[in-house]
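Engineer: Just so you know, the sequences run in chain order Y and E. Sequential numbering from 1 applies to the first sequence in our numbering. Sequential numbering from 1001 applies to the second sequence in our numbering.
Rather than coming from a laboratory, the hints here were simulated on the basis of the structure. The hints are all genuine.
Derived lysine-lysine pairs resembling DSS-like cross-links, with alpha carbons at most 27 Å apart: (1) E/1101 x Y/9; (2) E/1101 x Y/70; (3) E/1052 x E/1101; (4) E/1106 x Y/9; (5) E/1101 x Y/57; (6) Y/57 x E/1106; (7) E/1056 x E/1068.
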Amino acid sequence: DGGITQSPKYLFRKEGQNVTLSCEQNLNHDAMYWYRQDPGQGLRLIYYSQIVNDFQKGDIAEGYSVSREKKESFPLTVTSAQKNPTAFYLCASSPPLRTEAFFGQGTRLTVV
Amino acid sequence: GDSVTQMEGPVTLSEEAFLTINCTYTATGYPSLFWYVQYPGEGLQLLLKATKADDKGSNKGFEATYRKETTSFHLEKGSVQVSDSAVYFCALSESGGSNYKLTFGKGTLLTVNP
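One chain only, chain E, in its complex shape (with noise of 0.2 Å):
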């Protein structure tokens, strides 16, 4: 079946460093790639998408490629802010027929210190 998998954590940077997050996929078709954020006691909330190969998602900085050929999702930001500490999850969906089930990586806890 379908499967993620993203770099164990937790990271911790300083404030303006750049953070890298790997994520790769497993699918049998041509799934759509996500990135999820989760902060302290709440829910996700998506960060950015993409929906086919070589498209670019990216929102508040963060950007990730929908890289194909390595089957690879990588989160980057080139500045980080102790705001952008939470946990990010990597997940992709199925893209057959009417089912749209989300599956996820394992999360990446991110610290980022002043």
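This is chain Y alone, in the form it adopts within the complex (with noise of 0.2 Å):
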């Protein structure tokens, strides 16, 4: 079946520390996202892609990072240098010439 897939599902960290999160699509979208969610803040985009090798920083990027060196993948790296990094982050992509993203499933990253 085609879709997002988003890994792990539930991630725990400790302060200080990088993390990497995964986010592979089989749908053969051109562009991905990264969103970051929190109670009651609806979703803030952190990085995007429209083509492989290029992304550009969305309205909180700050502390994070993204490479995009394959169609398919788009890992968000969380670094110690984003303050409150506890929350749920979303990827997404979509298609060419369509407005509508496909989102995965998410994952729940907790710093402690």
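Got two chains here, each in a separate frame; can you build the complex from them with the hints?
Structural biologist: As structure tokens, this is what we get:
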């Protein structure tokens, strides 16, 4: 089945450690996105990528980094510079010339 | 910049009640409009969409009409079920060039009681 796979579903890390969240899609979509969700805040865009080897900062990119070496993959690294990393992270992708996005199941990151 | 404002929740209804969740937007161009639904612990699923003024999106008994004159896209359902309990997000996408970023409202939690 085609879709977007995020792993792991739950992730626990110690404060000060970097952590990488995985996002893989087999939908052959060009564009991919990372959103952060906090209670009562809706979704906020972290980074997005329209094509391989290119990506742009979203509204809250500070403390995060991404790469887009393959069309299928768009991993997100939460660095130690991110002051409040505990949140629900959602990856999405969208096909060419279409405006809606398709979402993965999310990764809940808890920093202790 | 673009923004989406939706009614604050939580909204609690009895089964078979009528549902309205208000959504208004601010955009400089002619955005596409969406409603997404999120069930507990899951990602977002597209519920319905409309791409131009006066379009009506519909799915699973839910409807929303793109009203350019009032910049609104209110979600309605005539008879809700317990299984409709979820968080609902209104969203818009910028339509310029190849940039299709989505801007979301803060979400509205709906609880339907038997």
